[in-house]
Amino acid sequence: MLIENHKKTDLAAYSKKFTSATKEPRTVLAITADRKLLLMTVDGRWIDKADGMSYKQLQKVLLTYFNAQWAINMDGGGSTGMYIKGKGRNSTDVVNYPCEGNSDPQVYKGTTKERPLITYFAIKER
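The sequence shown lines up with residues 3 to 128 when you count with the working numbering.
It cannot be assumed that every hint is accurate.
With a Cα cut of at most 27 angstroms, we get these calculated DSSO-like pairs of lysine-lysine [claimed, not checked]:
1. K89 - K18
2. K62 - K10
3. K87 - K58
4. K87 - K19
5. K89 - K51
6. K87 - K51
7. K62 - K38
8. K9 - K87
9. K38 - K18
10. K89 - K38
11. K10 - K38
12. K19 - K9
13. K9 - K25
14. K51 - K25
15. K58 - K19
16. K10 - K25
17. K10 - K58
18. K18 - K58
19. K9 - K89
20. K87 - K38
21. K25 - K62
22. K51 - K62
23. K25 - K58
24. K38 - K58
Just so you know, these hints were derived from the structure itself, not from any lab. From a predicted model like this one, the values you see are computed outputs, not experimental measurements.
Produce the entire structure from the sequences given, and follow the hints as far as they go.
Below is the structure:
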């Protein structure tokens, strides 16, 4: 958990690795104060384009800009990908820049290669 009832969680209570300032690609699920669902991806590992975010940075952004009441980090790194039907680029539905395939920030060029295990959310309008 990143945010619980409009407050930053104690990240160290989960694991010391969550207090790291390491910036990585991230995937977040949040509920805003006005009960809107927020699905967010943060790109990273793109030299001079996207650095990713630390967990503490995510907490600050979620509270400051989105007024999140609840938020959870789902996964990160090469697993961070967002697909929106009909909204992607290059005839795919990918709307961010996944970094699967190469985590070396000195040579990373990007790919949309799928991972063998991915968490999917399907959102359907009523």
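Please write out, lowest number first, the hints stated earlier that are contradicted by the structure.
Of the numbered hints given earlier, those the structure breaks are 1, 3, 4, 8, 9 and 19, listed in rising order.
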